[in-house]
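If you want the building blocks of each chain, they are given just below.
There are 2 protein chains.
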Amino acid sequence: MNDSAPIHHVKVIGAGLIGTSIALGLKSAGYVLTIEDEDISAEEIAQDLIGQNRGFDLAEGSDEVIPELIIIATPILAVPNLVREAAERYSAARVIDIGGLKSDVVREVEKFPEIAKRFCSTHPMAGREISGALAARGDLFEGRIWIYTPLSGTESRTVDSALEVITALGAIPVLRGAVEHDRIIAGISHMPQVASSLLSATLKDMSVEDLGLAGTGLRDVSRLAASNPDLWAELLHANRASLLPFLEEFTNILNDLSTSLQNDDLRKTHEILEAARVNHRRIPGKHGGKKRDYWYLPIIIDDRPGQLAAIFDACNEVAANVEDLSIEHTPGQESGLVTLALSKVDAMKVFDHLLNAGWKVHQPRESIG
Amino acid sequence: MNDSAPIHHVKVIGAGLIGTSIALGLKSAGYVLTIEDEDISAEEIAQDLIGQNRGFDLAEGSDEVIPELIIIATPILAVPNLVREAAERYSAARVIDIGGLKSDVVREVEKFPEIAKRFCSTHPMAGREISGALAARGDLFEGRIWIYTPLSGTESRTVDSALEVITALGAIPVLRGAVEHDRIIAGISHMPQVASSLLSATLKDMSVEDLGLAGTGLRDVSRLAASNPDLWAELLHANRASLLPFLEEFTNILNDLSTSLQNDDLRKTHEILEAARVNHRRIPGKHGGKKRDYWYLPIIIDDRPGQLAAIFDACNEVAANVEDLSIEHTPGQESGLVTLALSKVDAMKVFDHLLNAGWKVHQPRESIG
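Chains as they are written, first to last, in this note's numbering: chain A, 1 to 369; chain B, 1 to 369.
Be aware that one or more of the hints could be misleading.
Heads up, the list lumps identical chains together, so a pair's fine if it works in one copy or across two of them.
Stated by the list, open to error - Straight-line distance between alpha carbons at most 30 angstroms, and here's what the computed DSSO-like set of lysine-lysine pairs gives:
no.	residue 1	residue 2
1	Lys111	Lys349
2	Lys349	Lys27
3	Lys349	Lys268
4	Lys117	Lys27
5	Lys268	Lys204
6	Lys349	Lys117
Keep in mind the hints are simulated off the structure, nothing from the lab.
Between the sequences and the hints, there should be enough to build the whole structure, so can you do that?
The following block contains the structure:
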């Protein structure tokens, strides 16, 4: 091992959403990037996006420039071999991956202690529901959690390189062990996928007309069922050791609920729903942390250009900061419902102001309607 | 039975969210309203909201004005008795309820054929996640589905009265039989509640720190777990005959998935996820119908007043109509991500316009990022 050089040149292997977004973000942060993919078409799109022809591979004539950091951004099954290949080809480079599971990768790479010194496994918690280089953006990771998982033999300088990249992309590094990581992912990512898919599959005998009577509840809970089965079957199986205990617990509670309904044991059903409600309070809200204390201001508008601009102008006139907003259309009608989320003080200010200006605005309320 | 009079005077029994919203909406539509509730405080709030002192009960001196329509808007267990009481007290009035389940109410009222003539059961598909008169608004039902369920003996004039009210409130009447209604509700409303609560309860042993690493998937799928267990235990038990077959199917698919994971049978897991994805396409999207064909335009803004107003002014300048919008804050940073949903043509117009004006706007894309 040489002493590590500072990172200037970064090679990204894998031109999907995450790899391309990393390349875009690091380029903006001043690094020199190259990106490659076994899919030539994906590689070319990503290279166009990051403007690689102005990058290092063609910069200094014909000789290849040596990257100080390699980022493996491929599907998880390919990661261990690519880590070894990259580490062997660039004998001074540090290597990180961004795979969604850690145990297998860590176990495989730890078989090669010399390589493990220069490898740190990582996992950005962003962007899994969209894919492809065209969906990439350099700010994808800003403010997102990015887990990093050093191996037992990972050198501290390698960890520093991983942290440098995570920080340069605006993400928040969080340390977790490999087994711990995979268990957490089973709970917060794989179990929601399972619950959502089970619900959707269960309703397969209902008619489209009857499903069309559903409100937002079914829509939200079944949303993840739209995910790619190729990707998710692979993920669930790669993580089955961590997932199965959660599935067993889920099954137990389901069986308890079925029994309490069969026996008309209202008290027991209530107990299950109450435990679910109590635990739900521990799950982070919309902004990845605890729920903010917004007030909601409903306004009925005409469904035509200029209405929202006028509302925001009005907010601006009273120096109110709109924290969030929803727009609900009424099918077949010319009106829409806009709900602004504001601080309580701002909600009151905007309410008075809009009311005086003749808007169909309703009293601010503490829960969204 | 007298010939039915046209409806002028309506009495609402039950001053919760639905009852009060109905009263507000019908008052706006020109009807004369009164509302009552066994909870005097709730009754007074609702009466204030609808301005009942300008209503009919005090209008013409001291004698009670006779309503032509009674709307029972109480919890479901109280409905059958209240229907009988109302029908007996006002012998020419039509009566409807708005309960979330139909079989029990219909069976109870059908025991009294003379009353059944003047009763039609109904169920507005709106507003179940909020409660109380203070959350009421007269436009709650605009554009929403409102199921109506005549009894075998219901007179057509009674059905006409129900349809008159539904239509006056801007809702869309949909006919369903009682048993059919309850089976549909088990699928589209009670099963999402069950799946969401099971997921939340399953994660009870995870630490708050680990739950804090979760993204939007867990949040959306577990959202309904926050629902009121008193209300939901009662609903699930009242509908258990319709719910149990769905629960059995859900359990079967869960067991299949557990088995395929235990046996590392990737093909079978894929098949389950694929069936879920295929069925998900039949579930209505955000606006209660098929998904709209929006393009999404991401814009990075400073998190301060005036930014959104400026964006909407810019949209207005190019006559673009913003169909939807999301705002994402980056914790601990001064910037936010605004994503506008627009038609493809408008997205391109706004993109060019904002880019020229120096905004940090990204290429419009077909899926939300």
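Verification of the supplied hints:
1. Neither within a single protomer nor between protomers do Lys111 and Lys349 lie at most 30 angstroms apart by alpha-carbon distance, with minima of 64 angstroms and 55 angstroms respectively.
2. Proximity of Lys349 and Lys27 under a CA criterion of 30 angstroms is satisfied inter-copy only: 28 angstroms between copies versus 43 angstroms inside one chain copy.
3. In this homomeric assembly, Lys349 and Lys268 never come within 30 angstroms of each other (Cα to Cα): the closest approach is 46 angstroms inside a single copy and 57 angstroms across copies.
4. When the C-alpha separation of Lys117 and Lys27 is checked against a cutoff of 30 angstroms, the pair qualifies only within one copy, where the shortest distance is 26 angstroms, while the shortest distance between copies is 74 angstroms.
5. Within a single copy, Lys268 and Lys204 get their C-alpha atoms as close as 29 angstroms, and across copies as close as 17 angstroms, so both meet the 30 angstroms cut-off.
6. For the homomeric pair Lys349 and Lys117, neither the shortest alpha-carbon distance inside one copy (58 angstroms) nor that between copies (51 angstroms) is at most 30 angstroms.
Hint violations for this structure: numbers 1, 3, 6, all remaining hints satisfied.
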